[in-house]
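Q: These protein sequence lines map, in sequence, to chains G and H.
Residue 167 in this note's numbering sits at position 167 of the first sequence, with consecutive numbering throughout.
Residue 201 in this note's numbering sits at position 201 of the second sequence, with consecutive numbering throughout.
Certain hints may be false.
Each pair may be met inside one copy or between any two copies, as identical chains are not told apart.
[As the list claims (entries may be wrong)] For lysine-lysine, the following DSBU-like pairs were computed, each having C-alpha atoms within a straight-line distance of at most 30 Å:
#, residue 1, residue 2
1, LYS144, LYS265
2, LYS211, LYS120
3, LYS344, LYS211
4, LYS304, LYS180
5, LYS120, LYS215
6, LYS319, LYS180
7, LYS344, LYS120
8, LYS144, LYS215
9, LYS182, LYS145
10, LYS265, LYS120
11, LYS215, LYS319
12, LYS304, LYS144
13, LYS145, LYS180
14, LYS145, LYS322
15, LYS180, LYS265
16, LYS182, LYS322
17, LYS182, LYS349
18, LYS242, LYS144
19, LYS344, LYS180
20, LYS215, LYS180
21, LYS120, LYS319
22, LYS242, LYS182
23, LYS349, LYS265
24, LYS319, LYS265
25, LYS319, LYS182
Simulated from the structure, these hints should not be mistaken for laboratory data.
2 protein chains.
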Amino acid sequence: VGTVDSQSSHTTIELPGLVALSTFVPHLDDTAGADAFEETTKVALASGFSFASVLPYDFSGATITDARSLGRIHEIIQDSSAYTDYSFSVAATESNSEMLQPASSSASSLFVRADEFNDKDKVINISSHFAAWPESKPIVADAKKTDLASMLLLASLFNSRIHVTNVTNAGDLSLIAMAKEKQLDVTCDISVYALFLSQEDYPGAMFLPTKDDQKALWENLDQVDCFSVGFLPTQLAGFLGKPISAGMGIADTIPLLLQAVSDGKLTVQDIVAKMHDNPIEILGLGDVDSVIEVDEDRRVASLKSQVGSASSWSPFQAKDLKGAVERVLMNDQTVCLEGEFVIKEALGKEGIISVQHPSTLVPETTNQGPSETAPV
Amino acid sequence: VGTVDSQSSHTTIELPGLVALSTFVPHLDDTAGADAFEETTKVALASGFSFASVLPYDFSGATITDARSLGRIHEIIQDSSAYTDYSFSVAATESNSEMLQPASSSASSLFVRADEFNDKDKVINISSHFAAWPESKPIVADAKKTDLASMLLLASLFNSRIHVTNVTNAGDLSLIAMAKEKQLDVTCDISVYALFLSQEDYPGAMFLPTKDDQKALWENLDQVDCFSVGFLPTQLAGFLGKPISAGMGIADTIPLLLQAVSDGKLTVQDIVAKMHDNPIEILGLGDVDSVIEVDEDRRVASLKSQVGSASSWSPFQAKDLKGAVERVLMNDQTVCLEGEFVIKEALGKEGIISVQHPSTLVPETTNQGPSETAPV
Ligand SMILES: [Zn+2]
Ligand SMILES: [Zn+2]
Ligand SMILES: [Zn+2]
Ligand SMILES: [Zn+2]
Ligand SMILES: [Zn+2]
Ligand SMILES: [Zn+2]
Ligand SMILES: [Zn+2]
Ligand SMILES: [Zn+2]
């Protein structure tokens, strides 16, 4: 996949546009929502992502809980330009199981944060969401320990497809592996930040893995279906009292993963599988024809930037990460070059394709047509 | 089932000897153990029970955790007389999964108290017990809420037979009902005390059901496979600072249940099913040929008593319960008459029959042979 670029003899890697799973958009449902959404997709596109799967949560709680709130979010983002394709999820709350059905057709998944539910009758309450949600679409669960086990039980009882997001500890990953072995229809992701930051780096940041858990995550990557961006980068910024901006963590993703490739801990094919092929298949997302070209030796900071990521806080800023996204093509058209947007208007659209779950993944290669070998 | 006794024209009900599920024996593993065990089985026999399934817990924690401790308990009770048949379970601890296999042949079940396990890696830890325990014998789980869901998940993943003991809330019973509907091999019991006492009677006694939960238990008795005696009576005594004695709650069982029959809330067949047929089938217990005769109108206090139950504390003492066990026959021989033991030696033996789990219950009727119609 790595090729030597003749003009300047640096190593360029070509990847399909990645999927940003569990993308947090601050203030999604208020007046700041349109700008935050646009900014997030802009950061995402410039950072090598062609799809953002948006979290139905805000700092104020669940933002998308039914057809009405989903309609309101659509109205809000009408005032913005989407630079990537995107999809929304519906959040499960203690009282909205009966509102799920009408909302499900416009959402990619049901999103369940198990710790948002009262312990009393938690399992029975969430079971009504599993019963109401259509089998053809996945349930994404942010759940740990016995909550995770409860979600897996419900998935088993209701023959649901379940995707566990933001796994941060070894026991949870083992349980998921065990469930897979026993033929449960379960997949999972870990946040890229969780692979590179631990509680050892930030004592008290319980949302990060311990150093031991992080080691176990690395050692069992074969059980991990996807890497997500997730809420973790925003959560860390909040924990440290840093300013929160749109698209946190997104720009660090490719540089961090390519660093792991160059350290021999990942392959480029792992990145393609876990950030493109698998998320698209698992969430039933529409796949835009997109290609990104990354110079693995070039500093991200060397690019001009029209997006906020340059000014937004990152725990990796000081490390001056390499792995600059030099060019992004969508539908055979260069949309971002050297960090600058070269299109008249944003091309992103809502991309949900409700697919039946195939039993095997059909991996999409990064070179399948002339459009992807367009001259650089 | 009720017959009019010609001598005195009171209503006598004939039942098979009942099974005391989850029987707590105080100080089972120390010098007081032999006496406590003998006293417990004596109270049980005089109160209409022919089988005691003994809890592998003491106030000090788990008493039976491996073949060695099971052997020690057998040595301790050699110094006592067993008045009923009995069986032991092995307790699951955080470190004994590898010791289960050798102990399993002499035990009726594996007993898991989920709240004894550390939350960190609880599910994975307990999964090793499910993996190690032979499929032919049940796993008895004392687990609530998400812990219960975790146990049900493990039962599903390992094709285990699971019996949930001491259900006290509506949500847990609903979850069990849902699991049954989805073909999980799960059964459950509720403690008789939980049917008659609530947190409204004893504020702060969180181990009792709330009044609402108790109402739901009564309304869903068709989902309840067994009634147990359990630890609840001892727990209540401890909570109230009353003296703890052997066999707490046992003597109250038949009077309480017959009161419910006379109130139209239960049938005698419910008692036979939930305290004889089902426990025997579920735990694979040996069924001794036993018959008890109960006068439903006669006060328990009217019987002479050679056992401690007369002096032991009960929350129902003041109510002067009716439903005296007038006669107990074992193997066609009267062993207890009007509260007095009329046998030279105790007849109880260890009764475990490792049976394959039949898919349907074959109910044993209370009148199946001439031995059970022996003249009164
Ligand atoms: Zn806001
Ligand atoms: Zn693609
Ligand atoms: Zn293509
Ligand atoms: Zn370059
Ligand atoms: Zn003791
Ligand atoms: Zn019997
Ligand atoms: Zn018989
Ligand atoms: Zn009588």
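Q: Looking at the structure, which of the earlier hints fail to hold?
A: 3, 4, 6, 7, 12, 14, 16, 17, 19, 21, 22, 23, 25
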